[in-house]
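Participant: Please put together the full structure from these sequences, using the hints given.
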Amino acid sequence: MNIFSTFRLVLRTLLARKGRSFLTILGIVIGVAGVIIIIALGAGAQSLVLGQITKLGTNLLSVQPGKSNEKGPPSQIFGIVVTTLTTEDAQAMRDTGRVPHAVAVNALVRGTATVVWQNKNLDTTFVGSDAYYPQVVNISMREGRFFDQRESDGNANVVVLGSTVADELFGESGIDPIGQVIKAKSASASDAGGVPLRIIGVISPRGSAFFQNQDDQILLPLAIGQKQLLGIRYLQAVNVKVDSSEDVEPTRGDIKQLLNERHRIQKDVDADYTVRNLADAVSILSTITDALRLFLTAMAAIALLVGGIGILNIMMVTVAERTREIGLRKAVGAGNAAVRNQFLFEAGTLTLLGGIIGIIVGVVVAYLIALLMRKLGYDWSFVISPVSVVLAVGVSILTGVVFGLYPAFKAAKLNPIDALRYE
Amino acid sequence: MTLINVEDLDKDYINEAVVTHVLDHMSFTVDQGEFVAIMGPSGSGKSTLMHILSFLDRPTTGKYYFEGKDTTAFTDDYLAELRNERIGFVFQSFNLLPRTTVLDNVKLPLLYSKKKNHDQLAKKALEAVGLSHRLDYYTNQISGGEKQRVAIARALVCDPAVIFADEPTGNLDSKSGNTVMHILQQLNDQGRTIILVTHEMDTANHAKRIIRIKDGHLVADEKVKNRTIATPDKELVK
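Here the protein sequences line up with chains A and B, keeping their order. Residue 182 in this note's numbering sits at position 182 of the first sequence, and the numbers go up by one each step. Residue 49 in this note's numbering sits at position 49 of the second sequence, and the numbers go up by one each step.
No wet-lab data here; the hints were simulated from the structure. Misleading hints may appear alongside valid ones.
With a straight-line cut-off of 25 Å between C-alpha atoms, the simulated BS3-like cross-links for lysine-lysine are [unchecked claim]:
id: 1; chain 1: A; residue 1: 67; chain 2: A; residue 2: 267
id: 2; chain 1: B; residue 1: 208; chain 2: B; residue 2: 223
id: 3; chain 1: B; residue 1: 69; chain 2: B; residue 2: 114
id: 4; chain 1: B; residue 1: 107; chain 2: A; residue 2: 18
id: 5; chain 1: B; residue 1: 114; chain 2: A; residue 2: 413
id: 6; chain 1: B; residue 1: 124; chain 2: B; residue 2: 114
id: 7; chain 1: B; residue 1: 225; chain 2: B; residue 2: 175
id: 8; chain 1: B; residue 1: 107; chain 2: A; residue 2: 413
Facilitator: Structure below.
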């Protein structure tokens with residue numbers, strides 16, 4: 001009996017029991033779809049994270065006030081306000097004698113504000129920054145320019161808009177935002193009427209990074225952000241761009257030494273600041289993604305195992321039901337091998353079908369997730385690795401064959417006389 | 001020419017250390033072209049004898065020569081091949097595959113043979129039993145008599161040396177039974193060897209020779225004197 005006629009025979013048998021065949025393979029479908037989705041999501045998340053590393057640059061150190069585990073969350077998250085990081089600290093870091101590998105040092109504060117233009121209101125986040133921002137973060141200007149050192153030092157009332165803000169305020173009217181004056185109000189503002197700011201530039205769209213839409217923000221001179229909007233004197237972050245990735249760790253040491261001297265700190269445990277490497281944040285994220293992937297892969301493996309047991313069960317039932325058929329086939333000349341192959345093929349075909357349906361479901365779901373993520377503003381890529389597809393098909397056929405072996409051998413071993421008499 | 005030659009055939013079943021002699025020193029021969037009825041009451045061993053003769057079972061001791069060859073040393077796989085090529089089976093309960101067409105049922109033995117042109121061979125066999133008009137019917141759409149004729153076509157399709165019919169009319173009304181016996185007699189007239197297993201005298205009388213067995217012993221081997229010639233029902237054979 002050749003493979004082709006075995007296959008035709010098996011297909012006919014399975015089609016005669018469509019409902020049962022489908023229910024039998026549901027476990028395999030779910031397992032395989034799970035594997036495909038998980039691998040696709042893993043690949044998508046990885047490319048997203050990698051994209052953000054390149055966007056921000058790996059040669060970036062961030063000094064934040066407050067002591068915390070360098071790999072844990074910043075202390076601000078817990079509501080602790082540490083006021084000891086100052087503009088003077090940032091200025092000191094620019095001393096190439098002390099921190100030789102720092103290319104640019106950018107002092108920042110952040111907050112939320114309402115911006116008003118004519119009759120339009122918009123809640124957004126603001127970044128109060130000195131003029132070094134464009135040197136640390138890769139941005140390109142859609143129109144206009146970033147403010148310069150003279151403007152930021154002199155508390156000039158100027159502002160640079162993120163593209164989302166610019167579009168929402170000026171998109172409808174078609175007026176060129178450059179030169180327009182908006183007012184920025186903050187809850188803790190000293191000036192109740194809002195701070196008037198002249199727009200001098202709009203940044204090109206940058207997309208989201210670490211769950212924050214970078215286009216939905218405005219940038220204004222540091223002192224305006226500190227004194228007029230937040231009412232504070234300290235800094236919330238100092239970002240330092242280092243010349244090359246090899247120099248990131250030495251520079252971290254240089255900064256620590258400098259700040260320990262300036263803040264009169266004897267031991268590292270007493271430090272009132274934290275120096276973070278952006279690559280650390282990325283590695284935390286990958287650790288989480290990897291753990292999640294491992295966990296979900298285990299779930300998929302369990303689904304496949306359960307599906308396989310379902311196959312085993314249904315094949316046992318099939319063999320028992322078709323005992324007379326097996327007896328007849330043997331009587332008319334089927335050898336043990338032919339009977340065994342028929343049932344092995346049947347189990348393998350069932351699980352292969354399950355695998356194929358699972359792949360289709362998995363690819364569709366992974367694609368929908370990718371669409372959703374892109375709608376949310378992430379640079380999410382839809383990746384289906386051929387390896388995962390081959391793996392899924394292989395595993396599903398293997399599941400069928402492994403769990404079909406016992407019923408198939410049972411069928412092959414049946415005595416034709418007993419099988420023919422079986423009621 | 002001698003087709004089947006059994007010498008001193010013994011078959012014992014051992015069940016919990018109790019030995020049952022089902023066949024006891026049985027010897028006979030069947031020539032090509034014969035129509036033999038093996039007769040006996042239930043429990044006489046006639047089914048066991050048929051199973052051994054058709055290679056579904058093996059004797060405990062004794063020799064079985066088929067077409068001149070000693071079959072006792074053949075492997076299981078070779079016996080399966082022999083069943084496929086040299087033996088045709090007709091069962092009391094038809095044993096057709098459900099949810100399968102008449103044509104596909106007849107093609108079943110061809111799946112396990114090296115023969116080509118399956119459709120053509122199956123159609124020819126169905127023509128011989130007068131069922132050319134039922135090719136695409138499913139087995140649940142045809143009558144009992146037609147089912148048994150499909151089974152005969154299936155037994156014929158590989159052009160066997162001998163057809164074993166085990167109570168072929170047992171599940172049929174007399175009219176359909178008559179047609180089945182008519183077909184078997186026709187096949188025998190064309191030179192096909194037929195071995196019929198039955199416990200009914202009426203059925204056995206359709207054969208040319210009767211081997212009677214009782215309690216595993218061959219008690220009589222005689223020619224049929226007043227042979228019944230089955231007349232087919234005109235409506236059944238179209």
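Participant: Work down the list of hints and note, for each, if the structure agrees.
Facilitator: Here is what the structure says about each hint:
1. Taken as a hint, the residue 67 of chain A and residue 267 of chain A pair is honoured in the structure, with Cα atoms around 12 Å apart against an allowance of 25 Å.
2. Between residue 208 of chain B and residue 223 of chain B the alpha-carbon distance is near 6 Å, which keeps this suggested pair within the 25 Å criterion.
3. A hinted pair counts as satisfied when its Cα atoms are at most 25 Å apart, and residue 69 of chain B with residue 114 of chain B qualifies at roughly 22 Å.
4. Taking the CA atoms of residue 107 of chain B and residue 18 of chain A, the gap is near 24 Å; set against the 25 Å cutoff, the hint holds.
5. Under the criterion of a C-alpha separation no larger than 25 Å, the hint pairing residue 114 of chain B with residue 413 of chain A is consistent with the structure, at around 23 Å.
6. The hinted pair formed by residue 124 of chain B and residue 114 of chain B meets the criterion: a straight-line CA distance of about 18 Å does not exceed 25 Å.
7. As the CA atoms of residue 225 of chain B and residue 175 of chain B are separated by approximately 24 Å, the hinted pair is consistent with the 25 Å bound.
8. Using a Cα cut-off of 25 Å, the hinted pair residue 107 of chain B and residue 413 of chain A holds, with the two alpha carbons roughly 24 Å apart.
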